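**Student:** When you line the sequence shown up against our numbering, it's residues 1 to 169, in that order.
If you are wondering where the hints come from, they were derived from the structure by calculation, not from laboratory data. All values derive from a computational prediction rather than experimental measurement. Cβ atoms here follow ideal geometry from the backbone N, Cα and C, with glycine treated the same way. Accuracy of the hints is not assured; some may be wrong.
As the list claims (entries may be wrong) - Simulated DEER-style distance windows between Cβ atoms:
(1) Arg9 - Arg118: 37 to 47 Å
(2) Ala127 - Thr5: 43 to 53 Å
(3) Ile21 - Pro135: 36 to 46 Å
(4) Arg63 - Arg165: 16 to 26 Å
(5) Leu129 - Leu30: 32 to 42 Å
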Amino acid sequence: MNNDTAMLRRERSLLVLLGLICVALVGGALYMQYGLREDPCPLCILQRYFFLLVAIFAFLGARFNSWRGVRLLEVLAALSALAGIVTAARHVYVQANPGFSCGFDALQPLVDSLPPARWLPGVFKVAGLCETAYPPILGISLPGWSLIGFIAAFAPLALSLVRNRRRTA
1 MNNDTAMLRR
11 ERSLLVLLGL
21 ICVALVGGAL
31 YMQYGLREDP
41 CPLCILQRYF
51 FLLVAIFAFL
61 GARFNSWRGV
71 RLLEVLAALS
81 ALAGIVTAAR
91 HVYVQANPGF
101 SCGFDALQPL
111 VDSLPPARWL
121 PGVFKVAGLC
131 ETAYPPILGI
141 SLPGWSLIGF
151 IAAFAPLALS
161 LVRNRRRTA
């Protein structure tokens with residue numbers, strides 16, 4: 001086995017790990033929703049979508065046996081993580097400025113009209129307000145943890161894309 005094949009295998013394993021972490025984060029959000037009775041707001045639901053998109057692209061990327069396919073899916077996962085960073089940062093801003101509204105009335109119908117909200121309303125249906133600040137975990141708000149999660153997903157994806165940009169096998 002040559003070095004390039006070993007690196008591709010390692011890259012694919014890391015994508016599986018990233019996908020599992022993102023699915024676990026959504027599982028944690030569902031625990032908070034149902035176990036702790038913390039209703040998700042429109043921005044929370046959008047963050048769930050972005051974590052799941054990162055996971056889906058990571059899992060699909062792990063299925064490719066060529067650098068070209070892996071890189072394509074890594075780009076899509078990185079773009080999803082970047083969108084998640086923007087959404088989570090907006091949520092942090094909304095909670096830091098309680099008089100500012102996230103547009104609950106305007107954003108809720110849009111989020112609730114997406115197909116997954118009809119297929120799995122218990123997971124993707126809006127039930128709360130973005131301004132609602134639930135108890136922090138280790139001193140960090142839930143949107144803050146989400147922001148950290150998206151940055152932690154984006155950074156290795158971006159690093160991998162830069163590091164492996166010349167691979168063609």
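**Student:** Confirm or reject each hint.
**Tutor:** Here's how the hints hold up against the structure:
1. Arg9 - Arg118: 37 to 47 Å: Holds - the Cβ-Cβ distance for Arg9 and Arg118, about 39 Å, lies within 37 to 47 Å.
2. Ala127 - Thr5: 43 to 53 Å: For Ala127 and Thr5 the Cβ distance comes to about 48 Å; the hint holds.
3. Ile21 - Pro135: 36 to 46 Å: Distance hint for Ile21, Pro135 is violated at roughly 23 Å.
4. Arg63 - Arg165: 16 to 26 Å: Given a distance of about 21 Å, which is inside 16 to 26 Å, the answer is holds.
5. Leu129 - Leu30: 32 to 42 Å: At roughly 19 Å between Cβ atoms, Leu30 and Leu129 fall outside 32 to 42 Å, so the hint is violated.
Checked against the numbered hints given earlier, this structure breaks hints 3 and 5; the rest are met.
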